[in-house]
Amino acid sequence: MQLLLNAIASAAILAPAAIGFTLIFTLFRYTNFAVGALMTTGAFAAWGMNELGLPIWMGGVFAVVFGAGLLLASDRIVFEPLRGRSGGTLLLVSIALSVIIDNVIRFAFGTQIRAFDLPLRPPLTFAGLRFTPETLWVIGISILATLAVGALLAFTRLGRALRAVADNASLASIRGLPVPRIEAAGILLAGALFGLSGTLAGLDLAIEPNLSLALAIPVIAAAIVGGLGSPLGAALGAVIIGLAEELTVAFISAPYKGAVGFVVIALVLLIRPQGLLGRPVERK
Amino acid sequence: MDAYLVAILTTAAVYVILALALNIQFGLTGLMNFGVVGFYGVGAYTSGIMTETLGQPILLGMLAAIVVGGLAGGLVSLLSIRLSGDFLAIVTLGFAETMRLAFNNEDWLTRGPRGFLIMTRPVIDGLGRGATAWFILGVFVLAAIIVFVVLNRLAGSPFGRVLRAIREDDLVPATLGKNVLAYRLQAFVLGSAAMALAGSLYAHYVQTITPDNFTTQVAVLVWMSLIVGGAGNMKGAVVGALVVTAIYEGTRFLAPLMEFLTPTQVSALRFIIIGTLLIVVVRYRPEGLLPERIAPRSRPDPVPAAG
Chain F
1 MQLLLNAIAS AAILAPAAIG FTLIFTLFRY TNFAVGALMT TGAFAAWGMN ELGLPIWMGG
61 VFAVVFGAGL LLASDRIVFE PLRGRSGGTL LLVSIALSVI IDNVIRFAFG TQIRAFDLPL
121 RPPLTFAGLR FTPETLWVIG ISILATLAVG ALLAFTRLGR ALRAVADNAS LASIRGLPVP
181 RIEAAGILLA GALFGLSGTL AGLDLAIEPN LSLALAIPVI AAAIVGGLGS PLGAALGAVI
241 IGLAEELTVA FISAPYKGAV GFVVIALVLL IRPQGLLGRP VERK
Chain A
285 MDAYLVAILT TAAVYVILAL ALNIQFGLTG LMNFGVVGFY GVGAYTSGIM TETLGQPILL
345 GMLAAIVVGG LAGGLVSLLS IRLSGDFLAI VTLGFAETMR LAFNNEDWLT RGPRGFLIMT
405 RPVIDGLGRG ATAWFILGVF VLAAIIVFVV LNRLAGSPFG RVLRAIREDD LVPATLGKNV
465 LAYRLQAFVL GSAAMALAGS LYAHYVQTIT PDNFTTQVAV LVWMSLIVGG AGNMKGAVVG
525 ALVVTAIYEG TRFLAPLMEF LTPTQVSALR FIIIGTLLIV VVRYRPEGLL PERIAPRSRP
585 DPVPAAG
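Those protein sequence lines, which keep their order, are chains F and A. Its first residue numbered 1, the first sequence is counted upward by one per residue in the numbering used here. Its first residue numbered 285, the second sequence is counted upward by one per residue in the numbering used here.
Bound-form chain F, shown alone:
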């Protein structure tokens, strides 16, 4: 049970970012590796506000806004001029972007490990489970955010428009949808989710500039496991990755937690390339 709780806590950190990642993938068909760097930025943004004396939740709101803005800016400067290039090229560019963002953070904040200004409290126990109040917050906020985004995509006009553009942008455009504006909305939403995940990661883990790779791989793994393109799948994928990570920590070796994402990606791609909830993608 304790293991399950830990797994859900890990999943709660990954889920919003995995949904954001999936959103970008369905809209533009490329793997944005900068997701880890953007999450790290979110963690630093929230931490910075916290350092200035604001409460953590305000730091989180700032991180969400900052993440949205940063992703939109990076899209306008870096990715938009490259639309239509191959997925591999865009992935390469996003890795370069990731290195740039990491090093900007390193430049500005150094390599020290930071943490939010949290009061030290003994962990709570309930039904034999040990957890901190922060863990509860992380899980609660993540579930709320996931449900909200799911509802947005499923029930609102914007959600319908986003799905239409992702499905077939030119058709959506013919039907009179303002495609560039909808794409921008999608980017803002994804960036906000990255910022949120970053804040949650900061609550749970240490905040340092070397976090990016450790964050990016499980997030991308969660999205792939869930079947790229399915937000619900991405959330489910996050739970599976979280569970696999905790099982690794419990039964194999804690340091190899970082390899879990990779192994799971490899397995899924071998056995069920379309992911759990995805449909097979036609070749070319």
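The set of hints was computed from the structure by calculation and includes no laboratory data. What you are looking at is a predicted structure, and each value in this text was computed from that prediction instead of being measured. Among the hints, a few may not be true.
[To be verified] Derived coverage of chain F by chain A (criterion: at least 3 residues anywhere in the stretch with Cβ under 8 Å from a Cβ of chain A; other residues may be distant):
(1) 69-82
(2) 86-98
(3) 106-118
(4) 250-263
C-beta: ideal position from N, C-alpha, C; glycine also.
We have chain F; now place chain A onto it with these hints.
Coordinates of chain A only, in the frame set by chain F:
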């Protein structure tokens, strides 16, 4: 200054081999290997373990590095070779990160973060300090030339043509009866083995390797070399590696001009510059400094797959 130049050129030779190796995988065949450092690190540690832990001569260390690197490449590609570009890229990245974790945690084998000391060097005994450095440079340049000649011949051979065809559209060679998977596997194994050789050379040159030597940033430098030089062109890969080393090492000289920055900041600034340049090159000159040249008429579209 002289010693510094020799050191830079020695490092450059290692990057030339890495860029050539990536060129056969990505440049010719279109396989996106972002796990360059994984194979590079495997080669470095294999060679170190062979010469130090097992006490074998250095040539055997290099050979072991090539074999183990090739095997690792074979395994990774068997896992993922059927995948299209992006997914292969992610699997290889994950492989590199997993290897780094292994280097860090398998203390009994790699001595973990404290670093693996390697006493064996590719020199003959009894040379002075300066002469030793020059000798090592000579060995490295020779190795780079051998790798260049072999891969360049391969690139121009029928084998290389099939690889290019696979890169452009794997249905066509498949229709002509070529076993596309086998060709991809061979290209990947060849490249990985060459990366491992580069790792072996590097390990015996720097003599202390730590897991931190094998981070994604190194892979970015190698990719930068290939993209700047011109993917698909072996000469381009060499030129690219030299240019990138010049930029990377050249920015070191900026440090005294900016004394108000800490060493961490200077190092960060170098990677900001390298990353930005990579994006700029991809956007404005995707074919690189020396674009791939193939007999005219055969390709109406001069933009290589990198574009």
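Hint check:
no., hint, verdict
1, 69-82, "holds (count 3)"
2, 86-98, "holds (count 10)"
3, 106-118, "holds (count 4)"
4, 250-263, "holds (count 8)"
In this structure, none of the earlier numbered hints is contradicted; all agree with it.
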